[in-house]
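Peer 1: Sequence:
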Amino acid sequence: MTTKRIALVTASRGTLLHDVLQFAGVRDNLHSVVCDRPCGAEEVAQRHGLPTHRIALRDNAAFSDALLAHFREQAIDYALLLFPRLLVGDVVTTYAGRLLNLHPSLLPAFPGLHSVDQALATSVRHLGNTIHFVDESLDGGPIVLQSVTPRDDGPEVFLRHRLFVQQCQMVIQLVRWLADNRIVLDGKKARVKNAVFDQTDFSPNLDASEALTFTKVLPAHLLISP
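Last residue of the sequence shown: number 627 in the working numbering, and the count goes up by one each step with no gaps.
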């Protein structure tokens, strides 16, 4: 396994970042956190001693150009986006095959914002998450990894929690695959070397022990009384 310089681009509360930073494989490869505004993820990174960089630009083109400059200056190998904005311009082409996005739906279904809400407004029986390469399209780049969870008639908070746990597992696994140079992009398709596909909840299967064993109890304040 080699060490990569991975930047996380996010404007999130930082819950996922906090959870995945518990694992050495993530800590050793996550170089910095980039935000466009004050957010929980920025605070989490600072508590963990992880470098942060804020690009407070509202214009997508200006933000994308500044992000590319940061990537070049810091010699970033890969960037993972947990981010509600669309990157445009040279950063997409220059970092083609090195920009990845975590999207909370089973793409190509429900691209764009509020994907879980979009799905819950329909009669779909399964929801999930997707990690894909970023290209010029909206959430349309080659898919690396997907998770699936069945929809049930229980409280929505339990479904959202299952989706979140899967997201953490996927990020832990992605970092391991990147560090091991196992992800190959071939045109419009992505594949993972030596991947296995005999499970039903992740495709390809998770194979990093830290990803497989990750679990998180639903916080008590989110529990809904029957």
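Hint data in this document are derived by calculation from the structure and do not stem from the laboratory. Honestly, I wouldn't trust all of these hints.
To be verified - Straight-line C-alpha distance at most 20 angstroms; calculated SDA-like pairs for lysine to any residue: (1) K617 to G426; (2) K589 to T601; (3) K590 to Q547; (4) K589 to A522.
As the list claims (entries may be wrong) - Computed spacing ranges between beta-carbons, pair by pair: (5) P509 to D599: 33 to 41 angstroms; (6) R583 to P485: 23 to 31 angstroms; (7) D587 to L619: 17 to 25 angstroms; (8) A497 to D599: 26 to 34 angstroms; (9) D491 to T601: 34 to 42 angstroms; (10) G588 to V525: 41 to 49 angstroms.
Just so you know, even glycine gets a beta-carbon here, dropped at the ideal spot from N, CA and C.
Peer 1: Does each hint fit the structure? Answer for all of them.
Peer 2: Structure-based check of all given hints:
Taken as a hint, the K617 and G426 pair is honoured in the structure, with Cα atoms around 18 angstroms apart against an allowance of 20 angstroms. Using a Cα cut-off of 20 angstroms, the hinted pair K589 and T601 is violated, with the two alpha carbons roughly 24 angstroms apart. For the hint linking K590 to Q547, the alpha-carbon distance of about 14 angstroms falls within 20 angstroms, and the restraint holds. Note on K589 and A522: the hinted pairing is violated, with a Cα-Cα distance of about 30 angstroms set against a maximum of 20 angstroms.
One distance hint, 33 to 41 angstroms for the beta-carbon pair P509 and D599, is violated here, with the actual separation near 24 angstroms. Range check, R583 to P485: about 29 angstroms between beta-carbon atoms, so the 23 to 31 angstroms window is met. In this structure, D587 and L619 break the distance hint of 17 to 25 angstroms, their C-beta atoms being roughly 39 angstroms apart. Checked against the hint of 26 to 34 angstroms, the pair A497 and D599 passes, with Cβ atoms roughly 31 angstroms apart.
Checking the proposed 34 to 42 angstroms range against D491 and T601 shows it holds: the Cβ atoms sit about 40 angstroms from each other. Checked against the hint of 41 to 49 angstroms, the pair G588 and V525 fails, with Cβ atoms roughly 29 angstroms apart.
Hints 2, 4, 5, 7, 10 from the earlier list are contradicted by this structure; the remaining hints agree with it.
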